[in-house]
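Participant: Sequence:
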Amino acid sequence: MEGLNSKWIATVASIWIQCSIGGTFTFSIYSSTLKSTQNYDQSMVSSVSLFKEIGGCTGVLAGVFYSFVTLDRHRRNAGRLRCFYGPWVVIFTGAILSFVGYFFMWASVVGLIHRPPVALMCLFMFTAVHSTSFSITASLVTGLRNFPAHVGTIAGLLEGYLGLSGAILIQVYNTLFQGNPSNYLLFLAVFPTSVSLLLMYFVRIHDTNSEDDKKHLNALSIAALIMVAYLMILIISDNIFTMASWVRIVTFLFLLLLLIATPLGIAFKAQMDDTKRLSLTFSSERSNSSLVYDPKPPILAAYHELPPGDTCKENDHDSTSDGDLQKDMTLQQAICTINFWLLFIAMICGLGTGMAAIDNISQVGGSLGYTTIEINSLVALLCIWNFLGRFISGYVSDIFMRSRGLARPLFIAITQAALSVGHIVIASGFPKNLYVGTILVGACYGSQWPLLTTIISEIFGVTHLGTIFNAIIIASPIGSYIFSVRIVGYIYDKAAASGGGDQDNSCYGTHCFMTSFLIVAFFALCGSIVALLLLFRTKKFYEQVFITRLR
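Just so we're aligned, residue 1 is where the sequence shown starts under the UniProt record's numbering, counting upward by one.
Mixed in with the good hints, there may be bad ones.
[Stated by the list, open to error] The calculated label-pair distances, taken between Cβ atoms and stated as ranges, are:
#1 Phe522 to Ala497: 43 to 49 Å
#2 Gly111 to Lys276: 31 to 37 Å
#3 Met232 to Asp212: 28 to 34 Å
#4 Gly369 to Leu256: 32 to 38 Å
#5 Leu258 to Thr37: 34 to 40 Å
#6 Ile335 to Pro116: 46 to 52 Å
#7 Arg404 to Lys276: 31 to 37 Å
#8 Pro116 to Asp212: 51 to 57 Å
#9 Leu198 to Lys276: 26 to 32 Å
[Said to hold, decoys possible] Mimicking SDA-like on lysine to any residue, the simulated pairs with C-alpha atoms at most 25 Å apart in a straight line are:
#10 Lys494 to Met44
#11 Lys494 to Leu264
#12 Lys214 to Thr262
#13 Lys215 to Leu197
#14 Lys494 to Gln38
#15 Lys432 to Lys540
#16 Lys432 to Ala496
#17 Lys214 to Arg404
#18 Lys540 to Thr330
#19 Lys269 to Ser221
#20 Lys432 to Tyr370
#21 Lys35 to Ser221
#22 Lys540 to Ile414
#23 Lys432 to Ala229
#24 Lys35 to Ala497
#25 Lys214 to Thr463
#26 Lys269 to Phe254
#27 Lys35 to Gly265
#28 Lys215 to Thr275
#29 Lys269 to Tyr201
If you're looking for bench data, these hints aren't it; they were derived computationally from the structure. We treat Cβ as the ideally placed atom computed from N, Cα and C, and that holds for glycine.
Starting from the given sequences, assemble the full structure and let the hints guide the process.
Facilitator: Shown next as structure tokens:
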């Protein structure tokens, strides 16, 4: 068991957990079943979807819980209860919540319990998706603490696999549950919970750095890209050919082999290299070991740790003397900064408008005449573009910041401007427009997550990263309510009621979504402008600390 105790095994366990909890990205698969079995209109479905967003993005409790069970002083004072401290406790909590939420949703759909009111169904959805905030917080923050010198790369990798999980689960649906969304809901209740319970104990914090960390992280990244390419082939083939059931099963088993064997092989290789280097270091008694205790990035300093003359005079906390500076900001301190609220507003526009498109892509496709297979393919492609956005933004922002000094807020501004273009493409309604629109929306929405994570760790520090991160992403359900429920859902229902709908509360034609997505595009562009303001406020920080030290 000791051989499985390393940061590489922790990373692989985190990857597998991330790949199992993406049920939130497949909402469009079972949203139609919820709508028909519960007799909902589109606004009611959007309300359930809103609580999906609220559940996934109100993880402050998960962040506080993670900080409590991982801080050394709490572990030292725990005595005999020390075994109940660590990231695994957070993952365990998420696993239980996931089962409870999805199980009661399944029970409602199949009639095992009486049809619940909309408010209770929203509670079921909230509970199911709120579980992901615990799993994501434990996996992501542990990854950042295990690889402090490569925060952009590890954040992009873990966030990327989370985005890719939707495409993986869609392959599960197509292989095992095609045409049976209710059984798929039961699968979502059982499978993620089982994976989390099996792997949670391997997710641990390891305060070691190796000079080969980047090489092995790149190998994991290449493995992820290979899996994306394979999924793309499966999705395209599904649209061109009619696959026999045995072909689907074989291709799915090969997908599982890629997911399980490749990251595990890389982890074992990395662990062997680290063990060999450590052994050579001890035998030669060299002081300049390549594997040393280094809990902090050797090149990074938090925004608030700069001397007073090197920071923007934004508030009392930022302008305190050196003796008053904190090692890392707490949530209360971060909230008192302008940078926190600029990030918050930018995320309302970026995450909120992105989720409005993702949650309604099934209805948009239906209104434009897309077939069920095409709509399911669009959902899967959205997950893949989501993965690529998460993966590439973290990796590329690391490269450009180190080589050219481009600050990460610039990438948020660029991707949100591109997101606005994606919404305009969806609104246009030209033939096959959704295939183009989902590329832009999926990639640009996904890119917000690792960029947000790394910016928070750089500006506010890593100790309370989970709490501050989960506080800022409350912006996502706020934005989702504004753009998905009050704009997209409202305009759709109004168009359906005005003569373009049928008895199923459906609407057909470009008029169902054109106006709403043009409005959404405008606000995505506003988010880009807010991100530029954050860039100007932190530009001096990135120039004086990161660029100077790296050069």
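Participant: None of the hints should be skipped; say for each whether it holds.
Facilitator: Checked hints:
1. Look at phenylalanine 522 against alanine 497: about 25 Å separates their beta carbons, and that is not inside 43 to 49 Å.
2. For the hinted restraint 31 to 37 Å between glycine 111 and lysine 276, the CB-CB distance of approximately 59 Å leaves it violated.
3. At about 30 Å, the beta-carbon gap between methionine 232 and aspartate 212 stays in the expected band of 28 to 34 Å.
4. Range check, glycine 369 to leucine 256: Cβ separation about 35 Å, and the 32 to 38 Å hint holds.
5. As the Cβ distance of leucine 258 to threonine 37 is approximately 35 Å, the hint placing it in 34 to 40 Å holds.
6. The hinted range of 46 to 52 Å is not satisfied by isoleucine 335 and proline 116, whose Cβ atoms lie roughly 36 Å apart.
7. Arginine 404 and lysine 276 have their C-beta atoms about 35 Å apart, which keeps the hinted 31 to 37 Å range intact.
8. At about 53 Å, the beta-carbon gap between proline 116 and aspartate 212 stays in the expected band of 51 to 57 Å.
9. Evaluation of the 26 to 32 Å hint for leucine 198 and lysine 276 yields a pass: the beta carbon distance comes to about 29 Å.
10. A distance of roughly 14 Å separates the Cα atoms of lysine 494 and methionine 44; the hinted pair therefore holds under the 25 Å criterion.
11. A distance of roughly 52 Å separates the Cα atoms of lysine 494 and leucine 264; the hinted pair therefore is violated under the 25 Å criterion.
12. The hinted pair formed by lysine 214 and threonine 262 meets the criterion: a straight-line CA distance of about 17 Å does not exceed 25 Å.
13. Between lysine 215 and leucine 197 the CA atoms are separated by roughly 30 Å; this puts the pair beyond 25 Å, and the hint is violated.
14. Pair hint lysine 494 plus glutamine 38 holds up; C-alpha atoms about 21 Å apart against a cutoff of 25 Å.
15. Between lysine 432 and lysine 540, the direct Cα distance comes to roughly 44 Å. Violation of the 25 Å bound is thereby established for this hinted pair.
16. Proximity of lysine 432 to alanine 496 is assessed by CA-CA distance (about 23 Å); at most 25 Å being required, the pair is judged to hold.
17. For the hint linking lysine 214 to arginine 404, the alpha-carbon distance of about 19 Å falls within 25 Å, and the restraint holds.
18. Under the criterion of a C-alpha separation no larger than 25 Å, the hint pairing lysine 540 with threonine 330 is consistent with the structure, at around 23 Å.
19. The hinted pair formed by lysine 269 and serine 221 meets the criterion: a straight-line CA distance of about 15 Å does not exceed 25 Å.
20. Using a Cα cut-off of 25 Å, the hinted pair lysine 432 and tyrosine 370 holds, with the two alpha carbons roughly 9 Å apart.
21. Proximity of lysine 35 to serine 221 is assessed by CA-CA distance (about 39 Å); at most 25 Å being required, the pair is judged violated.
22. For the suggested pair lysine 540 and isoleucine 414, the alpha carbons sit about 19 Å apart, so the restraint of at most 25 Å is met.
23. Taking the CA atoms of lysine 432 and alanine 229, the gap is about 22 Å. The hint holds against a cut of 25 Å.
24. For the given pair, lysine 35 sits about 17 Å from alanine 497 by alpha-carbon distance, which is consistent with the 25 Å threshold.
25. For the hint pairing lysine 214 with threonine 463, the CA-to-CA distance comes to about 22 Å; that is within 25 Å, so the pair holds.
26. Straight-line distance between C-alpha atoms of lysine 269 and phenylalanine 254 comes to about 22 Å, which keeps the hinted pair within the 25 Å bound.
27. Proposed proximity of lysine 35 and glycine 265 is contradicted: the alpha carbons are some 44 Å apart, above 25 Å.
28. Taking the CA atoms of lysine 215 and threonine 275, the gap is about 16 Å. The hint holds against a cut of 25 Å.
29. Proposed proximity of lysine 269 and tyrosine 201 is supported: the alpha carbons are some 21 Å apart, at most 25 Å.
In summary, the numbered hints that this structure violates are 1, 2, 6, 11, 13, 15, 21 and 27.
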